[in-house]
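One line per chain: the protein sequences are A and B, in this order.
So for the first sequence, my numbering puts the first residue at 1; every next one is plus one.
So for the second sequence, my numbering puts the first residue at 1; every next one is plus one.
It cannot be assumed that every hint is accurate.
Copies of the same chain look alike in the list, so a pair counts if it works inside one copy or between any two.
[Unchecked claim] With a straight-line Cα cutoff of 25 Å, these simulated DMTMM-like cross-link-like pairs (lysine to aspartate or glutamate) come out:
#1 K99 to E366
#2 K92 to D361
#3 K261 to E341
#4 K357 to D257
#5 K400 to D217
#6 K261 to D365
#7 K72 to E341
#8 K216 to D142
#9 K56 to D401
#10 K107 to D148
#11 K375 to D401
Quick caveat, the hints were computed from the structure, so don't treat them as lab data.
Small disclaimer: the values here were computed from a predicted structure and weren't measured.
Protein chains: 2
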Amino acid sequence: MSTSISPLAPKNVPELPAIAGVRLATAQAGIRYAGRTDVLLAVFSAGTSVAGVFTKSKCPSAPVEWCRTHLKMGKARALVVNSGNANAFTGKSGRAATKLTAEIAAKAAGLKPSEIFLASTGVIGEPLDATKFAPVMQGLSDRAQPGDFLAAARAIMTTDTFPKVATATAKIGKTKVTVNGIAKGAGMIAPDMATMLSFVFTDAAISAAALQALLKDGVTDTFNAVTIDGDTSTSDTLMMFATGQAPDCPRIARASDPRLKAFKKALLAVLANLSEQVARDGEGARKLVEIVVEGAVSKASARRVALSIANSPLVKTAIAGEDANWGRVVMAVGKAGEPAERDRLSIWFGGIRVAHKGARDPRYDEAAVSAQMKKPEIYLKVALGLGKGRDRVLTCDLTKDYVAINGDYRS
Amino acid sequence: MSTSISPLAPKNVPELPAIAGVRLATAQAGIRYAGRTDVLLAVFSAGTSVAGVFTKSKCPSAPVEWCRTHLKMGKARALVVNSGNANAFTGKSGRAATKLTAEIAAKAAGLKPSEIFLASTGVIGEPLDATKFAPVMQGLSDRAQPGDFLAAARAIMTTDTFPKVATATAKIGKTKVTVNGIAKGAGMIAPDMATMLSFVFTDAAISAAALQALLKDGVTDTFNAVTIDGDTSTSDTLMMFATGQAPDCPRIARASDPRLKAFKKALLAVLANLSEQVARDGEGARKLVEIVVEGAVSKASARRVALSIANSPLVKTAIAGEDANWGRVVMAVGKAGEPAERDRLSIWFGGIRVAHKGARDPRYDEAAVSAQMKKPEIYLKVALGLGKGRDRVLTCDLTKDYVAINGDYRS
């Protein structure tokens, strides 16, 4: 398995400022990995609001069920994340492990278990030995301090080749607030590993209900518009914590509050940045692929066509082979089950129209298109010619390394 | 690209008997390939009934549209199939090419163009030069004779590694009738190539309406239960021709006629055999994978769960790596969107239960399962524990060869 950093990794990693009311610490609990951190504790100030969106899998992990239950209260005082074991499909022992983890963290930090949120990523189906958190948790709680989001991002990695962080600022009224986010690898992307996890932190003062609405809205065109292999993790988790500790910050109760305009933009920027990094770190990825579908009967229809293209193994292998194979794009449009008319279809690779109105574009210059296909970032546009529906998804190519990473590791 | 024969190819190729009323000939028209046959002409006796099922793609090929139009008459006198060019996404020139091909064949055989059925497989989006059929068609018509279905199967291959034929017999009343079938590669399986094509021939006397019902019924658990990569061709075509030339054969008008009982069984055997061969010849395939889902709320639900497993890149790469990775099976069950309860789920590999009631089976012997995973044929069973719905699909593993075949050919 290749462990080198993805060639698509961002060239610059931003410095993330500390966020008032968020303290972080990481440790080596030895869940699965040796010689690296594998547990993150985030401690939040009293009054922190929480929101979350989770996998749509019918077989979710135990921590996902834990979070869903406790999210109803809308308040969070701590977050514990471990890598190495997903605590998914672990039956009753999985539920016991979440309870024990929360109890250990609550005891160390002087909190109630119901105020602790949990996420796990790693092997599916292996019992998680939560007693391993006991020896490190008090130290984590004692050492937790503002800052070092990059260390937090590192502690939650599984086969990610680089840590993923993003930051933005916005004004709410006259108060400057910060939005920081960390994330790890997309979907079911790694040997036996489950999960996209992402956590966003802000010092804004926003009610849990408003935060939930913002997050649900923000995820639509960011994390939900990224696909690596079409496989959905049992553990996908995106949570957001708002401490309200920015000085003199207005307290916002409703997501429709006009004072949130700039904040929404900042949140969207962080989610878009993190989700793009997830696509850039798709297993074995050598190309970042942006797929735009326009002229569909609706945005939802455009999304389904775009995902059909993005998840097609034949399209993805063609892009890996630097081949502007628009015939396979036609195939993927045709199989999406959405309204499409062959004779209205046009396709562009890297801004060059290769197919028009149901046939090869007569002016299509193969050399120019080939040059586009050699780039690390591929822009693929499809116009259906039916309506005004438009959408965009990100994916990566399908390489032999993907198969090696996911198929070779036992042999 | 590997051109060696799939290790999963059947060890024995059956001898296919001639069918009264079916004459075959093949030729080299030079559509794309050099040094091999690439066009098949089948000529049928007067009164031959025809039925067909086609791709559900919204962007079907020109020959698919041609066949759909002319199928309404229910009668066929000839079939022309070419490999090398799919005549798909070829706009007006594609429609002109189908018309010209039918005219050339009709003239050579003394028939009407509307009695000629067409199929094409190969490159998408390249205009098909139908004038290339003109120099060979008269010879094909003159040479056409009963027998040699294997040569017919060879002429329609694209990147198939072996020709696919199957045969069965049945009695209708006191008359013995034969069902012969040929097929080529599944779904979108080859570089720039589109298509699963299959043609079935019988000397039974069955009305077009009854034939259509039999075919539609027969395809459900055979060709529609096979997936290679989840990609749907623009050209998928399965047609059946019944000449009625078996001596003294009863003429059957309705599919519900009890005299068809044995015939239905024979037809199903041929379709099952051919579709399994298609799975055995999936690109880069090293394992044939049979997936059975039981305990679903319905057969349709079981089918969707089975297809979710069969099309999961992570399940397919795990099988390529000979890894009984039931965590990925859980993931694929969970993402199918069908009723499933984690804590009722059980999973077997090769008859060995590896997961039970939402957790790893405590009696699971990894060595025994590993031995199962080394076999060329993998049997994967999932019990959902909810109802009586059961279904079965066939697929193959996802290997580096698949990526090489589909991604490397231009580099």
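Results of checking the hints against the structure:
no.	hint	verdict
1	K99 to E366	neither (60 Å within a copy, 30 Å between copies)
2	K92 to D361	between (59 Å within a copy, 13 Å between copies)
3	K261 to E341	neither (39 Å within a copy, 41 Å between copies)
4	K357 to D257	neither (45 Å within a copy, 47 Å between copies)
5	K400 to D217	neither (36 Å within a copy, 39 Å between copies)
6	K261 to D365	neither (45 Å within a copy, 57 Å between copies)
7	K72 to E341	between (46 Å within a copy, 23 Å between copies)
8	K216 to D142	neither (34 Å within a copy, 69 Å between copies)
9	K56 to D401	neither (28 Å within a copy, 32 Å between copies)
10	K107 to D148	within (24 Å within a copy, 80 Å between copies)
11	K375 to D401	both (18 Å within a copy, 24 Å between copies)
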